[in-house]
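Asks: Chains as they are written, first to last, in the UniProt record's numbering: chain A, 1 to 560; chain B, 1 to 355.
For the record, the hints were derived by calculation from the structure and aren't laboratory data.
All the pointers check out, no bait thrown in.
Okay, derived cross-link-like pairs now, SDA-like style, lysine to any residue, Cα gap no bigger than 20 Å in a straight line: (1) B:K297 <-> B:S341; (2) A:K13 <-> B:Y16; (3) B:K58 <-> A:M459.
Keep in mind that this is a model prediction, so the values were computed, not measured.
The chain contents come next:
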Amino acid sequence: MSNEASRQSRTAKLASDLRQFWSEPWFAILTMILAGAILLFIVTPVFAVLYKSFGMDASGFTLDYYREFFSRTYYFDSMMNSLGAAVISTIIVVILSVSISLYVTRSTSFVSRFYRGAALLPLVAPPFIFSLSLIILFGRNGIVTSVINSTFDVEFSIYGFWGVVIAQVLGYFPIGYMLVESTMRNMNPSLEHASSDLGASQWKTIRKVTLPLSQTGITKAGLLVFVMALADFSNPLIIGGGEPFLASEAYLLVVGQQNLEQAAVLGVFLIVPSLIIFIFQTYILDDSGLETISGESGASNAPLSRRVKTVVMTINTLFVSFIILMFVMVVLGAFVKIIGINNTFTLEHFQNRNGWDSLYTSVFVSFVAAILAATIGMLQGYLFARKPIPGKKALEFLTLFGLAVPGTVMGIGYVLIFNGSPFFLTGTVLLIVLNMTFRKIGVGLEASISKMHQIDTSMEEASSDLGSGPYRTFGKVVVPLLSPAFIAGFIYTFMTAMVSISSVIFLIAPGTNLAAVYILNLAEQARVGMASAMSFVLIVIVLSCMGLLKYIEKKTGVSI
Amino acid sequence: MSGHENFLKLSHLYKYFGDVKAVNDISIDIEQGELISFIGPSGCGKTTLLRIVGGFHKQDQGSITLDDQAIDQLPPEQRPTGMVFQNYALFPHMTVYKNVEYGLKIEKVDKAEREKRIKEALAQVQLEGYEERKPSELSGGQQQRVAIARCLVLKPKVLLLDEPLSNLDANLRMIMREEIRRLKEELNLTIIFVTHDQEEALSISDRVIVLKDGTVQQLDRPDNIYNEPSNEFVANFVGHANILSGNLAEVDGDTYFKTGKFSFKVEQPSNTTNQDVKAVIRPERIKLDPEGQLEGKIARIVYNGNFTRYFVDIQGEEIMVDDFNAHGLGSYQRNDQIKLSFPDQPHYILEEDVQ
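Kindly generate the complete structure, drawing on both the sequences and the hints.
Replies: Shown next, in the form of structure tokens:
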């Protein structure tokens with residue numbers, strides 16, 4: 001009987017939710033369009049890959065392509081390489097992140113800020129920039145390589161598995177670092193003070209208090225880095241030296257052999273770990289109990305003791321110098337004839353018509369995608385935070401899932417869906433924009449939802465009390481208050497779109513080449529000078545966009 | 001001055017949240033130009049009731065009429081009510097001027113008229129010269145004034161204030177009480193004032209409604225609420241009270257109120273012939289009096305500045321007695337034996353206490 005009653009009350013609630021949902025018809029229609037777009041541009045491509053991997057639509061259901069995967073050591077190796085490299089880079093990134101965070105969260109000195117800036121620098125560069133500089137230094141004709149080889153009489157070069165690992169550590173470090181740092185920053189300093197007050201040394205405090213309390217943040221950072229490294233596409237292509245990796249191999253299967261089915265199987269092995277980790281993060285990893293900061297505490301963490309500092313700073317300095325060295329190499333590579341061989345200054349690498357065209361396309365496409373993603377994220381964030389939308393949990397999950405799907409899988413999925421009827425969108429700029437937009441709307445959504453939770457509903461109630469209808473309230477009150485979330489979504493999407501490759505590489509056509517893809521091609525052909533020059537310009541563009549936004553932030557007082 | 005009797009009429013309102021009856025059959029008639037307070041402990045339904053009047057919650061049953069118009073089906077934007085929110089809900093991205101202008105623009109009032117009315121409203125709350133400030137550049141009290149001006153400028157028929165003074169410090173609270181009272185008199189405003197502070201309600205209101213568990217416990221003038229609480233809950237919620245259970249007995253032609261432990265002489269009450277009653281005696285009504293008829297021992301002393309509260313043990317029963325400190329410090333020590341005189345007309349609670 002109570003079951004019956006609870007079912008009735010559920011039905012009644014759903015009915016009243018639906019009534020309320022339709023009471024603002026424009027919002028209802030927008031929500032439905034959004035839901036449709038999320039299904040079409042995020043969910044369907046993934047299912048298309050799964051579908052294709054079973055050979056459906058060509059030959060009917062078959063497991064042949066999976067059999068092929070496990071029987072050919074080459075494909076199987078690609079999985080082992082991808083997993084192995086991802087595990088190793090994740091472990092290294094986590095250790096380095098903890099080391100730098102320990103220092104940066106306890107000091108406001110210039111050195112600390114410099115380390116933080118340098119640690120975040122890789123964010124503005126294409127993910128393969130480190131492959132490029134590694135080749136300049138340690139490639140077959142690298143500056144360091146020639147010294148080593150002539151000294152020790154060996155045939156050393158960076159190409160191969162370990163080259164990929166090093167490039168991944170450098171490229172994905174900022175993502176892990178940001179999460180670890182913010183966890184440590186949000187920790188209440190009194191806990192550490194209490195530990196030392198009770199007689200623990202700083203080592204002991206770090207091991208027994210700081211690290212256990214940062215555990216969730218560190219786990220999150222590690223999982224995120226792992227997912228990104230697993231899906232890494234460009235580093236294996238440039239510096240992998242022919243070693244197979246899942247994402248690059250899937251790409252070669254599509255482009256070289258038109259073997260979409262086999263590529264889809266590789267895609268499935270890419271997506272399964274990502275999906276598991278995504279679900280684990282969303283539903284199982286719970287950090288609510290470890291939110292230790294409460295209210296305002298004037299205290300700050302004690303500075304590191306000499307003993308701890310020596311260890312931490314040695315690691316930090318080595319790593320940060322290495323990052324900077326990598327960037328210096330690219331800049332030098334851009335401005336000299338042939339780095340290491342003919343070091344005369346030149347601007348010839350910048351005289352590259354195709355390069356500038358691709359840069360223009362990239363800026364245009366990324367800008368449009370960023371505007372779209374930020375707008376959709378803001379709208380969706382408002383609707384999800386305030387309106388009774390049936391099935392909104394599922395939609396939110398799917399939106400965020402878009403962030404977790406490896407780019408290669410999404411790219412193959414887009415090819416499968418939008419190549420033929422009824423869309424025929426392959427090769428169009430529109431499809432590239434849609435791809436970039438929908439892969440990233442999760443960020444704008446998250447930012448907007450969390451911002452909405454900070455805005456008291458009384459703000460909207462006041463507006464309606466003063467006579468304003470729901471749409472006007474949205475435009476006049478909610479949108480201005482959500483502008484920080486809009487800007488956050490915009491910056492993130494723009495920066496990542498400018499340097500993204502793995503997904504859009506499947507969608508470009510002659511005339512719609514993108515800068516990152518173009519640089520990748522140059523790097524693959526070891527045309528270091530031109531690749532460096534274009535990378536340099538790309539970095540300058542991304543950096544100046546960020547500078548511009550910081551300026552706007554200062555001017556308007558809108559915090560980003 | 002006073003307008004018509006049933007200006008705002010709430011009839012048999014109900015509101016459920018799941019199984020909780022937040023508002024349970026409440027009917028109130030509010031006069032034009034009246035300031036009426038809703039008080040009660042948290043969860044009593046006072047804010048829910050206010051939000052139903054403003055249109056932010058929809059009642060499950062019942063009706064509301066304002067100036068003879070039914071308003072209970074209208075969304076908030078169409079109700080002639082103005083709400084001042086607890087956190088003021090000023091739009092942080094707009095200046096004071098823009099905040100006040102917001103509702104006028106929606107009403108499509110022309111620019112010259114807007115300017116005039118904004119000026120007027122800001123003058124009413126004494127905020128001239130603050131037009132270009134952002135809310136973040138104002139103090140709490142100033143924000144409060146803006147929130148009020150933002151409502152007043154639209155000339156609402158009823159002003160709804162949701163714990164408006166709870167975020168202000170004690171001194172400012174006093175000043176704003178006076179301000180609200182002044183505005184109400186000047187503009188003949190009808191105001192509903194929600195608060196959990198009983199002292200605030202007593203000092204500001206024409207009438208007070210005490211709520212508990214979604215029902216009205218008492219609706220009356222402040223002095224009547226204090227002096228003649230309708231039940232034990234009201235007696236305890238509004239001010240402090242000694243509540244003595246006992247009965248009235250006739251001895252030699254005199255009437256005595258007898259508790260189980262002691263008794264004192266009272267006048268024959270006109271409103272009861274009940275034998276078993278509860279007597280509500282406010283602590284300031286009991287006098288420390290060398291001629292007093294009851295003797296007790298001081299168990300505890302709490303010094304409060306303008307008065308001292310003594311907890312006096314009379315035959316094992318503890319009684320609160322407040323003594324006004326007209327001459328500085330209170331003059332008694334702990335364990336002193338003292339005499340007390342009780343008022344001869346205590347307030348008797350007749351009905352069974354609703355627990």
